[in-house]
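Protein chains in written order, with the numbering used here: chain A, 1 to 165; chain B, 1 to 103; chain C, 1 to 391; chain D, 1 to 390.
Some clues are possibly wrong.
[What the hints assert, rightly or not] Cut-off 20 Å, straight-line C-alpha distance, at most; resulting in silico cross-link-like pairs (DMTMM-like, lysine to aspartate or glutamate):
(1) K378/C <-> E207/D
(2) K156/C <-> D162/D
(3) K299/D <-> D262/D
(4) K23/A <-> D95/C
(5) K378/C <-> D51/D
(6) K156/C <-> D272/D
(7) K310/D <-> E111/D
(8) K156/C <-> E30/D
(9) K310/D <-> E114/D
(10) K380/C <-> D272/D
(11) K254/D <-> E391/C
(12) K87/A <-> D94/B
(13) K312/D <-> E295/D
(14) K380/C <-> E30/D
(15) K93/C <-> D272/D
(16) K265/D <-> D95/C
(17) K332/C <-> E216/D
(18) K194/C <-> E130/A
(19) K23/A <-> E57/B
Since the hints were made in silico from the structure, they are not lab data.
Next come the chains, spelled out residue by residue.
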Amino acid sequence: MGIAFYLVSVLTVAGGLAAVLLKNTVHCALAVTTAFAGLALLFLQLDAQFAGFAQILVYIGAVAILVVFAILLTRGSETPKGGVFSKTWLAGLAVAAAIFAVLGWAVLQVAGSLPQQNAAPAVTVNQIGEALMGRYVLPLEIIALLLTAALIGAVIVAMHEKEGD
Amino acid sequence: MSPLAGYLLVAALIFAIGLAGALTRRNAILVLIGIELMLNAANLNLIAFWRYGPHPEALTGMMFAIFSIAVAAAEAAVGLGLVISIHRHAKTTDLDEMNRMKG
Amino acid sequence: MIQTLDQIFVLLKHWLLNFLPAAWQPAVGVVLSVVCIIGVFPALFAFTTVLERKGIGRIQNRLGPNRVGPFGILQPIADGIKSLTKEDIVPLKADAAVHFLAPIVLVVAVFMGFAVLPMGRNMVLVDMDAGLLFYFAMGASTEVSVFMAGWSSRNKYSLLGAMRAVAQMISYEVALLLSSVVVVMMSGSLSLVKIVAAQNQYSWGLPHWYIFTPWGFAGALMFGIAATAETNRSPFDLPEGESELVAGYFTEYSGFKFALFFLGEYVAMFSIAGLGATLFLGGWSAPLAALQFIPSWMWFFGKLMVAMCVFIWMRGTLPRLRQDQLMNFAWKFVLPMCLLNLFVAGLWRFMGDGLLRWVICSAILILAYVGMGWGEMKRKHLGPRTYRYAE
Amino acid sequence: MTPSTIDPERLEGWNRPPIIEPDGEGDLLEVAMGPHHPSTHGVFRMDLALDGERVIRLKPVFGYLHRNHEKIAETVSYLATMPYTDRLDYICSLTNNWAYALAVEKLVGQEVPERAEYLRVILGELTRAQNHASSIGFLLQEMGASGTPLMYAFREREKILDLFESLTGSRMMCNYMRFGGCRVDASPVWLDAVRKVVAGLPAFVDEFERFLSGSEIVMARCQGVGILKPELAINAGVTGPMLRASGVNYDIRKVDHYGIYDRFKFRVPLGDHGDIYDRYMVRILEIRESIGILEQALKGIPGGPVMDPKAKIRNFRPKPGEAYGRIEAPKGELGFYLISDGGPNPYRYRVRPPSLINLTVLEDMCLGSNVADVVLIFGSVDIVLGEVDR
Chain A
1 MGIAFYLVSV
11 LTVAGGLAAV
21 LLKNTVHCAL
31 AVTTAFAGLA
41 LLFLQLDAQF
51 AGFAQILVYI
61 GAVAILVVFA
71 ILLTRGSETP
81 KGGVFSKTWL
91 AGLAVAAAIF
101 AVLGWAVLQV
111 AGSLPQQNAA
121 PAVTVNQIGE
131 ALMGRYVLPL
141 EIIALLLTAA
151 LIGAVIVAMH
161 EKEGD
Chain B
1 MSPLAGYLLV
11 AALIFAIGLA
21 GALTRRNAIL
31 VLIGIELMLN
41 AANLNLIAFW
51 RYGPHPEALT
61 GMMFAIFSIA
71 VAAAEAAVGL
81 GLVISIHRHA
91 KTTDLDEMNR
101 MKG
Chain C
1 MIQTLDQIFV
11 LLKHWLLNFL
21 PAAWQPAVGV
31 VLSVVCIIGV
41 FPALFAFTTV
51 LERKGIGRIQ
61 NRLGPNRVGP
71 FGILQPIADG
81 IKSLTKEDIV
91 PLKADAAVHF
101 LAPIVLVVAV
111 FMGFAVLPMG
121 RNMVLVDMDA
131 GLLFYFAMGA
141 STEVSVFMAG
151 WSSRNKYSLL
161 GAMRAVAQMI
171 SYEVALLLSS
181 VVVVMMSGSL
191 SLVKIVAAQN
201 QYSWGLPHWY
211 IFTPWGFAGA
221 LMFGIAATAE
231 TNRSPFDLPE
241 GESELVAGYF
251 TEYSGFKFAL
261 FFLGEYVAMF
271 SIAGLGATLF
281 LGGWSAPLAA
291 LQFIPSWMWF
301 FGKLMVAMCV
311 FIWMRGTLPR
321 LRQDQLMNFA
331 WKFVLPMCLL
341 NLFVAGLWRF
351 MGDGLLRWVI
361 CSAILILAYV
371 GMGWGEMKRK
381 HLGPRTYRYA
391 E
Chain D
1 MTPSTIDPER
11 LEGWNRPPII
21 EPDGEGDLLE
31 VAMGPHHPST
41 HGVFRMDLAL
51 DGERVIRLKP
61 VFGYLHRNHE
71 KIAETVSYLA
81 TMPYTDRLDY
91 ICSLTNNWAY
101 ALAVEKLVGQ
111 EVPERAEYLR
121 VILGELTRAQ
131 NHASSIGFLL
141 QEMGASGTPL
151 MYAFREREKI
161 LDLFESLTGS
171 RMMCNYMRFG
181 GCRVDASPVW
191 LDAVRKVVAG
201 LPAFVDEFER
211 FLSGSEIVMA
221 RCQGVGILKP
231 ELAINAGVTG
241 PMLRASGVNY
251 DIRKVDHYGI
261 YDRFKFRVPL
271 GDHGDIYDRY
281 MVRILEIRES
291 IGILEQALKG
301 IPGGPVMDPK
311 AKIRNFRPKP
321 GEAYGRIEAP
331 KGELGFYLIS
341 DGGPNPYRYR
351 VRPPSLINLT
361 VLEDMCLGSN
371 VADVVLIFGS
381 VDIVLGEVDR
């Protein structure tokens, strides 16, 4: 565990926290973009180059932009009168804290017995491609179908209703 | 401590932050952001387990993460489409005000 | 001698590194390369701004800058001093932090792209396995900075310009990716170094550049269109369309930050021109086997500058499109062409060598190109008109 | 951006100056284009109500260049107004001179020598050619062609302005015509220079057209955009190339028979769609017709005086009465209406500026179109703010 891991983790967690806590919705979106970038860096540290770049491409290039577009389209950048948190925020926070406590406890319990292997697996993009086209071809096709369905669905859902409908 | 535990802890923290965001924010878009954070935390777990697992060359965890990224993209697109559509209908993205089933 | 000249920068770097203890060498080596990239491209940027202004001046029957230094060559220095000494104005209502970060994010993301571009034989910062993917990931990050700039300025022109720019960049990014995929298909690698190596072969003295194949030519054409749109250059420069939006998303920037935006946009052009040269024009390989004695990096930068000249030429020639036309063009023309090109590339791969595959592949592409263009003009009732006269 | 519904209440209070609201509350976006906007032809403001990028309302706001032209003319002598007319439409000062001279000549019933009439036609048609060329250049500039067509047009305009300078002493503020003729005679050398320039004009128009008319981008941007219906054009009093592009055959050179236009053979090009492309093409074709007129005039120009010898320059006091003189200026019908009370200066002086009246249909042409088209439609009207605001 190098210093880089701690730096990137702090960046990611700070981004996530800011995304949840900030008042201005666009600031939240930009903060979550930072968190996504931090996660991509964590992926890279785990020698998962392909997943890391895909993360940047999909999350920063597409999802973050989609989010800011949605915020501007819904005029969401104003702070609502009733505050940014819902009425049941205490319960929500409690649930989240409880889940973190359970997960953290579980991890710490087994921390000693976790594998220590450190040799980076030599995975090339070629291998990933072959796996996608070989062993995982069925999931790939299903994902393709899902993405197409989601695309059509999103367009239909967000499409402007015509007059008279 | 094994490096894996560090990644798992970070992932758990991000998951909890995402969950807290999804449960406490009023704005529907920010709830979606929270869900995205949770999905990302899961991805981090998958990749960490793949990296430190017994058979990294089998690529199982990595593949799972890649598919999960794709699904998350689809989910974000549909979710935001829904939010925009609801906004057009109800003129609000505030979840506390969206308490009617009928438009 | 030829070899030394070819590898002069690599050798220079190794010679410098020899003065350092072995433990430091990798880190210092990376820093050295980064410093070179950060030094060379802004210098090239300064030179190219003069070239652009001179070139456009010639296109428009005027002289262009000719006052500062011999033939106006020192103009960028004057411009630089001017923009650096200007007051840095931040609008009162602007989101100061985001406003400040936007140009920095842009410049960082743009310069990151150079990390995977091979600028000569053995001259690449990191030979990543997924180099092309890295490049596109960095390209995608620039969109965030554009949005940040437009939104934080609290100016309607800026916001409209930013939304236009982001929508345009997303649309054309798809085309950019798909037009590059044919190259990945044929070279079998995402690594830009390997893509160049695959093109650096010669038969009868001619190189195996991908642009010399039907699918490669169509891909290069689509790539060029998408790259022009991606860098907001004329005729796709409507995010900064002067006549409608003042200056687009950087309307509210001045002084050094404006210079950073200007630099970022220009360097993005270099980087995308370099990528295009790498994918379709054989990167640093010589255009003729007989010309291989010229150092490889000279070929790379030569191709880069040729691509830049094409950008400048288009800017001097073409009027700009409208937003909806631009989007239609991306989704209804460029994207289908790219998909068809993928199919043609597959066909090419599985048809044997010979004249037949040349004929079939070219015919499919040309028919689709002409047909779609003609159909679009017909559908919109566009075309030359005849006029009647009254005596 | 999604199209959204329009709240009619917001449009009610549209006359107030627009207030920039921080977050675009509501469904409409108010954008002020100008008066400092780089695209406008001068200091002109358009207040737009945008729904996404679609124009919902457009309010032209002018008067930034108001210089009291009409009132000044009523306080100075008839002749002293002549240089002021140069400053109306500063792109084509000679046609302004001509229209004013025509009005005063009508008022006092003055004759104009034949050579002067020929010179007026030559200068007027040269003015038309350079005005149309540069207006097309401006249009393409609005289209984002980064100045190249404009510089081509200006290269040609420069030659014509040089001719103006050598004849009148000034490139733009010519102040050349007088009641009853012209100020100075043109030398044969000057006429030869004009012949040379006119001989070069067809090649210029061909080149211009080869680059622009067939360009797919120009067609896509201009065809079917900013349509002006002939009925509306007639009702609004639109004149000039704009009216003819809408398909209405109305050219004052043909209708009014002023000057000596009856002696020349020329045709009037008409458009069928009334869109920007038609306006552009009508201008191009009018340049070609002007070249024809110029060739005929240069061939037939007679000798003789350029000034009516009976013309009274000093103590110029027309009898009480009124007169309206109008010509087909490059931008449309330019008219001067004068009422004399027998004094040395007009009792009432009124300009009918084609730029202003053509501009009144701007909103009708722009409604429903894209905001990017507004600049283009505005450019296709071809106005000069000096004439709009006077």
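Against the structure, the hints come out as follows:
1. K378/C <-> E207/D: Answer violated: K378/C to E207/D is near 26 Å, above 20 Å.
2. K156/C <-> D162/D: Violated - the C-alpha atoms of D162/D and K156/C are around 44 Å apart, more than 20 Å.
3. K299/D <-> D262/D: Distance ~16 Å between K299/D and D262/D Cα, so the pair holds.
4. K23/A <-> D95/C: This hinted pair holds, its Cα atoms lying about 13 Å apart.
5. K378/C <-> D51/D: violated (29 Å)
6. K156/C <-> D272/D: The hint is violated at about 37 Å.
7. K310/D <-> E111/D: holds (9 Å)
8. K156/C <-> E30/D: holds (9 Å)
9. K310/D <-> E114/D: holds (14 Å)
10. K380/C <-> D272/D: Within the cut-off at roughly 17 Å; holds.
11. K254/D <-> E391/C: holds (9 Å)
12. K87/A <-> D94/B: Holds, because 11 Å separates the two Cα atoms, which is no more than 20 Å.
13. K312/D <-> E295/D: Violated, because 33 Å separates the two Cα atoms, which is more than 20 Å.
14. K380/C <-> E30/D: violated (30 Å)
15. K93/C <-> D272/D: It is violated: about 50 Å lies between the C-alpha atoms, which goes past 20 Å.
16. K265/D <-> D95/C: violated (66 Å)
17. K332/C <-> E216/D: Answer holds: K332/C to E216/D is near 16 Å, not above 20 Å.
18. K194/C <-> E130/A: Holds: K194/C and E130/A sit about 18 Å apart, inside 20 Å.
19. K23/A <-> E57/B: violated (44 Å)
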